[in-house]
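Visitor: Listed here are the chains, written in short residue letters.
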Amino acid sequence: MTFQPGDRVRVASRAHQGHHRTPSYVKGKRGRVERVCGSFANPETRAFGADGLPEQVLYQVCFAQEELWPGSRRHARDTTYVDIFEHWLEAE
Amino acid sequence: MSEHEHDHDHAHDPITSDGEPPAAARTRALEELLVEKGVVQREDVRRGIDHLVSRSPADGARLVARAWVDRDFKERLLADARAAAHELGLDPGPSPVVVAVENTETVHHMVVCTLCSCYPRALLGPPPDWYKSLPYRSRAVSDPHGVLAEFGLEIDNDVELRVLDSTADVRYLVLPRRPEGSEELTESELADLVTRDSMIGVAEPVAPAPA
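Note that the protein sequences, when read in sequence, are chains A and B.
Counting along the first sequence from 1, when you hit position 1 you're at 1 in the working numbering, and nothing is skipped either side.
Counting along the second sequence from 1, when you hit position 17 you're at 17 in the working numbering, and nothing is skipped either side.
Looking at chain A on its own, in the form it has when it is part of the complex (with noise of 0.2 Å):
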């Protein structure tokens, strides 16, 4: 496990040809991770008949709504909760 509670990340902001489970409006976005919910079959190659394995960490990734629609008209305090695989975070 990479990452702990509090940890600051970026979410890769590759692309992706296939099934996979990061939200478009998440990439490139800067978060912070709020909790770590356990290890998980992949769902990239499970989705293609695969076994998943090896498991990749799932967190759960806290992001202002400011950094994810910046300059809209929003409440200052307001956040998304996105769980995303280890595999798509970066260190910030």
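Just so you know, the hints here were simulated from the structure itself, not pulled from any lab data.
This one's a predicted model, so the numbers in the text were calculated from it and none came from an experiment.
Ideal placement from N, C-alpha and C gives every residue a C-beta, glycine not left out.
Incorrect hints may appear among the rest.
[Claimed, not checked] To spell it out: a stretch of chain A is covered by chain B in this simulated footprint if at least three of its residues, at any positions, have a beta carbon under 8 Å from a beta carbon of chain B; those stretches are:
1. 17-25
2. 37-49
3. 81-90
Given chain A's structure and the hints, the job is docking chain B onto it.
Guide: Just chain B, lined up with the frame of chain A:
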């Protein structure tokens, strides 16, 4: 259908969305193939669908009502919702992690699955159609206050609105705030106030009838 570019003659039928929706046709074809190959029996499919639609928000409401009357249970629910469901004899479903999040005076949670329709089905039953719709899935993250306003819910400026996007293996259940005026109600009367939408975080529980 809108106009589209062509580099071929029209040997095929017009591509329209009339009749059976493409996803339904694909699902039917897949089921027929799996049955034909002996991977599943038609009866398995029927039983699976029956099981899915037999679930209802009543189970989730029991968890919420117990948490409202029992502080220790609430702590256990917030620590591990799967274990808390087992404690009440409820089936939390196949998801390995179910997380309950508590709405308070300072934080309001709402749940979405922007990528598809992930939802704690075992505890809440099948998700409503709007939960699976593209407008909800996109606007819940880009304009959550606007979405909540359309559900009739205004979030005060000093409350943090926290949107949970269940993109992977975790399923989220909102523990709504206990309504004012419900102090005298029994646990089962409290459960009647807990709606599906209040456990998704797009509504408050029903207000109790005035005494």
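Visitor: Please go over all the hints and tell whether each is borne out by the structure.
Guide: Against the structure, the hints:
| no. | hint | verdict |
| --- | --- | --- |
| 1 | 17-25 | holds (count 4) |
| 2 | 37-49 | holds (count 4) |
| 3 | 81-90 | holds (count 5) |
Of the numbered hints listed earlier, not one is contradicted by the structure.
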